[in-house]
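There are 2 protein chains.
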Amino acid sequence: MAQNIYDKPDFFAGYSQLHRQVHGLAGAAEWPAVKSLLPDLEGKRVVDLGCGFGWFARFARENGAASVLGLDLSEKMIARARADTFDPTIQYRIADLERLDLPEASFDFAYSSLAFHYIEDFGRLTLSVFRALVSGARFVFTIEHPIYMAPSHPGFVIDAEGRKTWPLDSYAQEGPRVSDWLAKGVVKQHRTLGTTLNALIGAGFAVRHVQEWAPTPEQVEATPDLAEENERPMILIVSATR
Amino acid sequence: MAQNIYDKPDFFAGYSQLHRQVHGLAGAAEWPAVKSLLPDLEGKRVVDLGCGFGWFARFARENGAASVLGLDLSEKMIARARADTFDPTIQYRIADLERLDLPEASFDFAYSSLAFHYIEDFGRLTLSVFRALVSGARFVFTIEHPIYMAPSHPGFVIDAEGRKTWPLDSYAQEGPRVSDWLAKGVVKQHRTLGTTLNALIGAGFAVRHVQEWAPTPEQVEATPDLAEENERPMILIVSATR
Numbered sequence: 001m002a003q004n005i006y007d008k009p010d011f012f013a014g015y016s017q018l019h020r021q022v023h024g025l026a027g028a029a030e031w032p033a034v035k036s037l038l039p040d041l042e043g044k045r046v047v048d049l050g051c052g053f054g055w056f057a058r059f060a061r062e063n064g065a066a067s068v069l070g071l072d073l074s075e076k077m078i079a080r081a082r083a084d085t086f087d088p089t090i091q092y093r094i095a096d097l098e099r100l101d102l103p104e105a106s107f108d109f110a111y112s113s114l115a116f117h118y119i120e121d122f123g124r125l126t127l128s129v130f131r132a133l134v135s136g137a138r139f140v141f142t143i144e145h146p147i148y149m150a151p152s153h154p155g156f157v158i159d160a161e162g163r164k165t166w167p168l169d170s171y172a173q174e175g176p177r178v179s180d181w182l183a184k185g186v187v188k189q190h191r192t193l194g195t196t197l198n199a200l201i202g203a204g205f206a207v208r209h210v211q212e213w214a215p216t217p218e219q220v221e222a223t224p225d226l227a228e229e230n231e232r233p234m235i236l237i238v239s240a241t242r
Numbered sequence: 001m002a003q004n005i006y007d008k009p010d011f012f013a014g015y016s017q018l019h020r021q022v023h024g025l026a027g028a029a030e031w032p033a034v035k036s037l038l039p040d041l042e043g044k045r046v047v048d049l050g051c052g053f054g055w056f057a058r059f060a061r062e063n064g065a066a067s068v069l070g071l072d073l074s075e076k077m078i079a080r081a082r083a084d085t086f087d088p089t090i091q092y093r094i095a096d097l098e099r100l101d102l103p104e105a106s107f108d109f110a111y112s113s114l115a116f117h118y119i120e121d122f123g124r125l126t127l128s129v130f131r132a133l134v135s136g137a138r139f140v141f142t143i144e145h146p147i148y149m150a151p152s153h154p155g156f157v158i159d160a161e162g163r164k165t166w167p168l169d170s171y172a173q174e175g176p177r178v179s180d181w182l183a184k185g186v187v188k189q190h191r192t193l194g195t196t197l198n199a200l201i202g203a204g205f206a207v208r209h210v211q212e213w214a215p216t217p218e219q220v221e222a223t224p225d226l227a228e229e230n231e232r233p234m235i236l237i238v239s240a241t242r
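Residue numbers (the working numbering), protein chains in the order written: chain A, 1 to 242; chain B, 1 to 242.
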């Protein structure tokens, strides 16, 4: 059973105030890059793994998707997604991605945003997604980048010469990383980038694109804090084909 | 024209004394991992891009390859490879990988060890390799890992709490990195891991395996200095199929 930190009051309150939860997809700096990797959604049966407030589900329908199934472990998120959605072709369901079990060949596109770094058994998950997709279907997801997750003490440091660096260590040591983000004791699962890609390939996917997200110069000009994303990637974007 | 640092007397002298040049393939800690990704070489026409002293060329022939073409920019390395090889089916040639031009569909396997981080136009190179291979052929190479190459000041640091960390910065800033390794002013070309993989995919290769090399516990026990390779990867191993 996956850790359900999301329904803890402090986590949920903090999560609800994140820029990307208040402003939706456009509030996420990596969204333009993710969007450019999406297939044409027209007529597609979409599954969103870790749908949160349902922002992507609604986007998919606005862009022609035939139906969307949004899954999330959090009761509160699913309740909020349902409250914000007025579209009978979008269904939301509480589900543990560690035990994902979808009907075979029932989706034309699978999507996930920043959920898989909470998953312990990523190999099992990719096999489930592979089976749930029809042949030729695309799978696009974002995940916290392993460079961001690996360190025993994540957080930029300023060295004696005033240089801002990211103190990487423990990269090869896969497994849980406990951090205090919105709530105390949030457990994330560090995997090397190689392990993530090899799980996809092992399940039968063809890797199409791997992007270690960094902001554009225009984004840095508009939001100077984003400059630090050029020092070390925080978000990994992957596109694969079944 | 690629920088030919390799023929500078100080570089060549230092290079010749590297453990892996004195002891051959077995002197490279990542070799067991690389070897496990090699296809059956029986009867294969092999090209080795950046063949150095010819260690892999001779290994390939000892393992059944029909022929090997070893390419290197360095006259001194090619001279040494020729002097150490007594096998008319192994050919060595001085060649600049930036301008690689091989006959179409003339090889069954392409290999490269720690040469591609010197290459500026990796996209052009991968296209050339793709054309030179027959359909279904494997391409296995190692390259310095971008985490290792990116920093403006590479080298472990010990923080105030005594922790050894790798000061990552500039990861998204692709392009030359100048270091003093064996000789002053060695120019390497940093690319993100995503860029390297996308170049392969763009050329038409299917990525089969991505390994951010780390030592086994047995290797660390035998050579304790290798433990730091667990903190940040130095070597990336990629296997792809044409």
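Derived from the structure by calculation, the hints contain no laboratory data.
Backbone N, C-alpha and C fix where the C-beta goes; we use that ideal spot for every residue, glycine too.
A portion of the hints provided could be inaccurate.
What the hints assert, rightly or not - The calculated DSSO-like cross-link candidates involving lysine-lysine, where the alpha carbons are at most 30 Å apart (straight line), are: (1) B:LYS8 with B:LYS76; (2) B:LYS76 with B:LYS164; (3) A:LYS8 with A:LYS184; (4) A:LYS164 with A:LYS8; (5) A:LYS164 with B:LYS76; (6) B:LYS184 with A:LYS164; (7) B:LYS35 with B:LYS188; (8) A:LYS184 with A:LYS164; (9) B:LYS188 with B:LYS164; (10) B:LYS164 with A:LYS164; (11) A:LYS188 with B:LYS8; (12) A:LYS184 with A:LYS76; (13) B:LYS164 with A:LYS184; (14) A:LYS188 with A:LYS164; (15) B:LYS184 with B:LYS164.
To be verified - With beta-carbon atoms standing in for the labels, derived distance ranges: (16) A:SER152 with B:VAL178: 45 to 55 Å; (17) A:GLY43 with B:ALA26: 55 to 65 Å; (18) B:VAL157 with A:SER106: 16 to 26 Å; (19) B:HIS19 with A:VAL187: 56 to 66 Å.
What the hints assert, rightly or not - Now the stretches of chain B that chain A is said to cover, found in silico as 3 or more residues with beta-carbon under 8 Å: (20) 93–104; (21) 121–132; (22) 147–161; (23) 191–197; (24) 200–211.
Right, here's what the structure says about each hint:
1. B:LYS8 with B:LYS76: 9 Å, holds
2. B:LYS76 with B:LYS164: Violated, at about 38 Å.
3. A:LYS8 with A:LYS184: 10 Å, holds
4. A:LYS164 with A:LYS8: 34 Å, violated
5. A:LYS164 with B:LYS76: Violated, at roughly 41 Å.
6. B:LYS184 with A:LYS164: Holds, at roughly 26 Å.
7. B:LYS35 with B:LYS188: Holds: B:LYS35 and B:LYS188 sit about 25 Å apart, inside 30 Å.
8. A:LYS184 with A:LYS164: Holds, because 26 Å separates the two Cα atoms, which is no more than 30 Å.
9. B:LYS188 with B:LYS164: Holds, at roughly 25 Å.
10. B:LYS164 with A:LYS164: Between B:LYS164 and A:LYS164 the Cα gap is close to 16 Å, so the pair holds against 30 Å.
11. A:LYS188 with B:LYS8: Measuring from Cα to Cα gives roughly 48 Å; hence the hint is violated.
12. A:LYS184 with A:LYS76: 18 Å, holds
13. B:LYS164 with A:LYS184: 26 Å, holds
14. A:LYS188 with A:LYS164: At roughly 25 Å apart (the allowed maximum being 30 Å), A:LYS164 and A:LYS188 satisfy the hint.
15. B:LYS184 with B:LYS164: 26 Å, holds
16. A:SER152 with B:VAL178: 45 to 55 Å: 30 Å, violated
17. A:GLY43 with B:ALA26: 55 to 65 Å: For A:GLY43 and B:ALA26 the Cβ distance comes to about 57 Å; the hint holds.
18. B:VAL157 with A:SER106: 16 to 26 Å: 51 Å, violated
19. B:HIS19 with A:VAL187: 56 to 66 Å: Violated, since B:HIS19 and A:VAL187 (Cβ atoms, about 40 Å apart) do not stay within the stated range.
20. 93–104: Since three or more residues must qualify, the claim that chain A covers the segment 93–104 of chain B is violated, with 0 doing so at under 8 Å.
21. 121–132: violated (count 0)
22. 147–161: holds (count 6)
23. 191–197: Held - the segment 191–197 of chain B has 4 residues with a Cβ nearer than 8 Å to chain A, which meets the minimum of three.
24. 200–211: holds (count 7)
In this structure, the hints that do not hold are numbers 2, 4, 5, 11, 16, 18, 19, 20 and 21, in rising order.
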